[in-house]
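2 protein chains.
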Amino acid sequence: MALALSAAVAAPAMAQLDVEDQIETRQSAFTFAAWNMGKIKAQAIDGSVAYNEQQMLAAANAIASVANSGLGSLFGPGTANDKNDNTKLLPVFFDKPEKAREVAIGFAQAATKLQEVAANGGGKSALAAQFSEVGKSCKACHDEFRAE
Amino acid sequence: MALALSAAVAAPAMAQLDVEDQIETRQSAFTFAAWNMGKIKAQAIDGSVAYNEQQMLAAANAIASVANSGLGSLFGPGTANDKNDNTKLLPVFFDKPEKAREVAIGFAQAATKLQEVAANGGGKSALAAQFSEVGKSCKACHDEFRAE
Numbered sequence: 015m016a017l018a019l020s021a022a023v024a025a026p027a028m029a030q031l032d033v034e035d036q037i038e039t040r041q042s043a044f045t046f047a048a049w050n051m052g053k054i055k056a057q058a059i060d061g062s063v064a065y066n067e068q069q070m071l072a073a074a075n076a077i078a079s080v081a082n083s084g085l086g087s088l089f090g091p092g093t094a095n096d097k098n099d100n101t102k103l104l105p106v107f108f109d110k111p112e113k114a115r116e117v118a119i120g121f122a123q124a125a126t127k128l129q130e131v132a133a134n135g136g137g138k139s140a141l142a143a144q145f146s147e148v149g150k151s152c153k154a155c156h157d158e159f160r161a162e
Numbered sequence: 015m016a017l018a019l020s021a022a023v024a025a026p027a028m029a030q031l032d033v034e035d036q037i038e039t040r041q042s043a044f045t046f047a048a049w050n051m052g053k054i055k056a057q058a059i060d061g062s063v064a065y066n067e068q069q070m071l072a073a074a075n076a077i078a079s080v081a082n083s084g085l086g087s088l089f090g091p092g093t094a095n096d097k098n099d100n101t102k103l104l105p106v107f108f109d110k111p112e113k114a115r116e117v118a119i120g121f122a123q124a125a126t127k128l129q130e131v132a133a134n135g136g137g138k139s140a141l142a143a144q145f146s147e148v149g150k151s152c153k154a155c156h157d158e159f160r161a162e
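Line order of the protein sequences matches chains A and B. Under the working numbering, the very last position in the first sequence is 162; numbers go up by exactly one each time. Under the working numbering, the very last position in the second sequence is 162; numbers go up by exactly one each time.
There could be a bad hint or two in this list.
Because identical chains share one entry, a pair is satisfied inside a single copy or across any pair of copies.
[To be verified] Below, computed lysine to aspartate or glutamate pairings styled on EDC-like, alpha-carbon distance capped at 20 Å:
(1) K127 <-> D96
(2) K113 <-> D157
(3) K55 <-> D35
(4) K102 <-> E38
(5) K113 <-> D32
(6) K110 <-> D60
(7) K138 <-> E34
Honestly, the hints are just simulated from the structure, not real lab data. All values reported here derive from a predicted model rather than from experimental measurement.
Take these sequences, add in the hints, and give me the full structure.
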């Protein structure tokens, strides 16, 4: 899996988007992922909505598809907040490529496991536990690379 | 599959978002899907980027995860362009629930098949053919419900 992830992170799947489109697209990807995280939170953590295995699988598929979509290509030069006002990405992102790679792979691995738990009908508490791991992987990147 | 899709379309997976968040979230979902459609176009249609089976599967997974994410819950009352300036959704959407359901299911079915073609290693021309079907399902909704 590490090799597969490495390829997915590294190789651009299409021509590079311009700076504004990179920022808009990555924000869209994270908004879509966050919406789906919210569904799992509602059903598996808060219990504010009845637990629905099929909806949890759809949500986990969505989060995993974002994490494995090659987001790295949306973090090109000039897309940090020293050069653009529409993003919270800190310029230090470009000084720490190994750390950036590490948090991207952490997100992909945690989200892929979330998808596996949901697909295998792991149940509410297993899903809640892995949801927490995905949340940690989000936070690892935010703490390092995202402005307050 | 029709029944499964029906449930996914019908049942809200979390508390209803407010109007602005519904609009922003659905636009994010479509932006994320469009980015991934662009990858398939580049590799399977235009040939402007080398064909990469793994990236095509990741892209197809992303598009299918959007189509199967229960987008209907992001098209609540008050989210058309007669009541909100941030959307192109035409008010006629709310007068034609059967047509809305039909185009949503059309998108879900076409995108799910795209994912199957990619997962089964159907190859470039099979993927290109199904990409065209997904494009038609996008257009079916745009023609009916989206302002120019």
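Going through the hints against the structure:
1. With identical chains, the CA atoms of K127 and D96 are never at most 20 Å apart, being 35 Å at best within one copy and 43 Å at best between copies.
2. In the homo-oligomer, the alpha carbons of K113 and D157 lie at most 20 Å apart inside one protomer (12 Å), although the nearest pairing across protomers, at 45 Å, exceeds that limit.
3. Only between protomers do K55 and D35 lie at most 20 Å apart by alpha-carbon distance; the minimum there is 17 Å, versus 30 Å within a single protomer.
4. Taking identical chains as interchangeable, the C-alpha atoms of K102 and E38 lie at most 20 Å apart whether they share a chain (12 Å) or sit on different chains (18 Å).
5. For a Cα distance limit of 20 Å, the shortest separation of K113 from D32 qualifies neither inside one copy, at 24 Å, nor across copies, at 36 Å.
6. For the identical chains of this complex, K110 and D60 are neighbours neither inside a copy (36 Å) nor across copies (35 Å), given an alpha-carbon limit of 20 Å.
7. Taking the closest pair of Cα atoms, K138 and E34 never come within 20 Å of each other, the shortest separation being 39 Å inside a single copy and 30 Å across copies.
Hint compliance for this structure: hints 1, 5, 6 and 7 are broken, all remaining hints hold.
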